[in-house]
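Asker: The primary structure of each chain is shown beneath.
Protein chains: 2
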Amino acid sequence: MTGWVVVAGLGPGNDALVTPEVTAILAEATDIVGYIPYVARVAQRPGLTLHASDNRVEIDRSRHALEMAAEGKRVVVVSSGDPGVFAMAAAVFEAVEAGPAHWRSLDIRVLPGITAMLAAAARAGAPLGHDFCAINLSDNLKPWALIERRLRLAAEADFAMAFYNPRSKSRPEGFERTLDILRDACGDSRPVIFARAVSTPDEAIRVVPLPDATADMADMRTMVIVGSSQTRIIERDGPPIVYTPRSVPV
Amino acid sequence: MTGWVVVAGLGPGNDALVTPEVTAILAEATDIVGYIPYVARVAQRPGLTLHASDNRVEIDRSRHALEMAAEGKRVVVVSSGDPGVFAMAAAVFEAVEAGPAHWRSLDIRVLPGITAMLAAAARAGAPLGHDFCAINLSDNLKPWALIERRLRLAAEADFAMAFYNPRSKSRPEGFERTLDILRDACGDSRPVIFARAVSTPDEAIRVVPLPDATADMADMRTMVIVGSSQTRIIERDGPPIVYTPRSVPV
Numbered sequence: 001m002t003g004w005v006v007v008a009g010l011g012p013g014n015d016a017l018v019t020p021e022v023t024a025i026l027a028e029a030t031d032i033v034g035y036i037p038y039v040a041r042v043a044q045r046p047g048l049t050l051h052a053s054d055n056r057v058e059i060d061r062s063r064h065a066l067e068m069a070a071e072g073k074r075v076v077v078v079s080s081g082d083p084g085v086f087a088m089a090a091a092v093f094e095a096v097e098a099g100p101a102h103w104r105s106l107d108i109r110v111l112p113g114i115t116a117m118l119a120a121a122a123r124a125g126a127p128l129g130h131d132f133c134a135i136n137l138s139d140n141l142k143p144w145a146l147i148e149r150r151l152r153l154a155a156e157a158d159f160a161m162a163f164y165n166p167r168s169k170s171r172p173e174g175f176e177r178t179l180d181i182l183r184d185a186c187g188d189s190r191p192v193i194f195a196r197a198v199s200t201p202d203e204a205i206r207v208v209p210l211p212d213a214t215a216d217m218a219d220m221r222t223m224v225i226v227g228s229s230q231t232r233i234i235e236r237d238g239p240p241i242v243y244t245p246r247s248v249p250v
Numbered sequence: 001m002t003g004w005v006v007v008a009g010l011g012p013g014n015d016a017l018v019t020p021e022v023t024a025i026l027a028e029a030t031d032i033v034g035y036i037p038y039v040a041r042v043a044q045r046p047g048l049t050l051h052a053s054d055n056r057v058e059i060d061r062s063r064h065a066l067e068m069a070a071e072g073k074r075v076v077v078v079s080s081g082d083p084g085v086f087a088m089a090a091a092v093f094e095a096v097e098a099g100p101a102h103w104r105s106l107d108i109r110v111l112p113g114i115t116a117m118l119a120a121a122a123r124a125g126a127p128l129g130h131d132f133c134a135i136n137l138s139d140n141l142k143p144w145a146l147i148e149r150r151l152r153l154a155a156e157a158d159f160a161m162a163f164y165n166p167r168s169k170s171r172p173e174g175f176e177r178t179l180d181i182l183r184d185a186c187g188d189s190r191p192v193i194f195a196r197a198v199s200t201p202d203e204a205i206r207v208v209p210l211p212d213a214t215a216d217m218a219d220m221r222t223m224v225i226v227g228s229s230q231t232r233i234i235e236r237d238g239p240p241i242v243y244t245p246r247s248v249p250v
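These protein sequence lines are chains D and V, in that order.
Here the first sequence stands for residues 1 to 250, where the numbers follow this note's numbering.
Here the second sequence stands for residues 1 to 250, where the numbers follow this note's numbering.
Please keep in mind that the hints were generated in silico from the structure rather than gathered at the bench.
Heads up, the beta-carbon is just placed ideally off N, CA and C, and yes, glycines get one too.
All clues given are correct.
Stretches of chain V that chain D covers, calculated by requiring three or more beta carbons in the stretch to come under 8 Å of a beta carbon on chain D:
{"no.": "1", "stretch": "18-27"}
{"no.": "2", "stretch": "145-152"}
Facing chain V, from chain D, some residues (calculated, C-beta under 7 Å):
{"no.": "3", "residue": "PHE93"}
{"no.": "4", "residue": "ALA119"}
{"no.": "5", "residue": "TYR243"}
{"no.": "6", "residue": "VAL250"}
EDC-like cross-link-like pairs, simulated, lysine to aspartate or glutamate; straight-line CA separation at most 20 Å:
{"no.": "7", "chain 1": "V", "residue 1": "LYS142", "chain 2": "D", "residue 2": "ASP158"}
{"no.": "8", "chain 1": "V", "residue 1": "LYS142", "chain 2": "D", "residue 2": "GLU156"}
{"no.": "9", "chain 1": "D", "residue 1": "LYS169", "chain 2": "D", "residue 2": "ASP54"}
{"no.": "10", "chain 1": "V", "residue 1": "LYS142", "chain 2": "V", "residue 2": "GLU173"}
{"no.": "11", "chain 1": "D", "residue 1": "LYS142", "chain 2": "V", "residue 2": "GLU156"}
{"no.": "12", "chain 1": "D", "residue 1": "LYS169", "chain 2": "D", "residue 2": "ASP216"}
{"no.": "13", "chain 1": "D", "residue 1": "LYS142", "chain 2": "V", "residue 2": "ASP158"}
{"no.": "14", "chain 1": "D", "residue 1": "LYS73", "chain 2": "D", "residue 2": "GLU28"}
{"no.": "15", "chain 1": "V", "residue 1": "LYS169", "chain 2": "V", "residue 2": "ASP139"}
Only chain D is shown next, with the shape it has when bound in the complex (with noise of 0.2 Å):
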């Protein structure tokens, strides 16, 4: 048996948005990886192992994919999202590039899949609909001092933005100074959209004005999008819709 390794991408959360490409690698897989709320999402049958492990031991879980690989399994890593966008691409490729020469020549593939931003994006409206910018404001893994220097150029830029992990229990004041630098650098007139559980039965969407955003309204299943100086708001009966248009005048 040739053993292989694909990571793939489980969407925002529900199964409509799972691409069948995926639901078909999972069901020629010998064992599934991942964190533990997403291998949950995986139904058992016989000749499926499943290895659920905690969060942040994404090196050590990749490894164990790459060597389960290198015996001949046919292993899915299983991500939320899209792959390849703060998940789980990145660490498996950490993993290839540190580990025996031989992982290189494992037939690896990368499966994409609907990630968050553009789930939150769709309830919203199309904030994202015109040039726009992705940053994670975890800093766990880079200098806060980064983060900072990125959200001003964005600004500057005058991208619309897409904040991935706004806010843990062990660091709320990142998001609240996010908001301050945004406000600083981008006055009052973009709109804020808190986009949480997205496709699940939690859903909740809420848009305020950026002077009204607070920390609270975000927390770890909370997508965050900041408009650029272009983007509209349609009021109506509900929820507003939040677009940006394609254009920008000369």
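Position chain V relative to chain D; hints supplied.
Answerer: Below, chain V alone, put in the same frame as chain D:
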């Protein structure tokens, strides 16, 4: 019959990348609206009318969709990739905002899809594994000076960059200028990924160092991704793996 408009993303080309949510809504539609090659991806069936239109008539097409929904039709506006990223969702909301007040009370939804940069990134490895930006290089709808400013600020922020619409017959010089700006702003170390027609039979992936990148490596079916200063290349037999690690050293 209560009409609605759904703006749905068909992904980059392969039907295995169309979400079940989108497949289900296509089965409920009475009318499909979109650019000719995207409408051609929807199977004909009794009770379904296909309205294919040419490029660059996005607002007319959006108005047509909204008018039909107001008459009670179930209309799906099809987009390639994700409808919210340089695609039809923003055009539909522009039409809503400029249109009659009663369009605001229509049931309008956006269903996300796999956008080209995620499919391209997955094929190359994980070049968007850390903070990144997405820029539409077409200057049809915005001044070139704004594109240039965004490129320079994105380089200064050390984002990986994904470029949509890098090159067209009508303005072949734009992408050449983009490469010149990047060489000036980023130095020589960054890899450039040219990902053509990802997930289709015409797929071709090419990775070159920034100094060797030339404008003729891209056409209108090519997605271009430029790494950050941290982006790594793993050489091996076959195409190299390009990925951006999750961490930035302090």
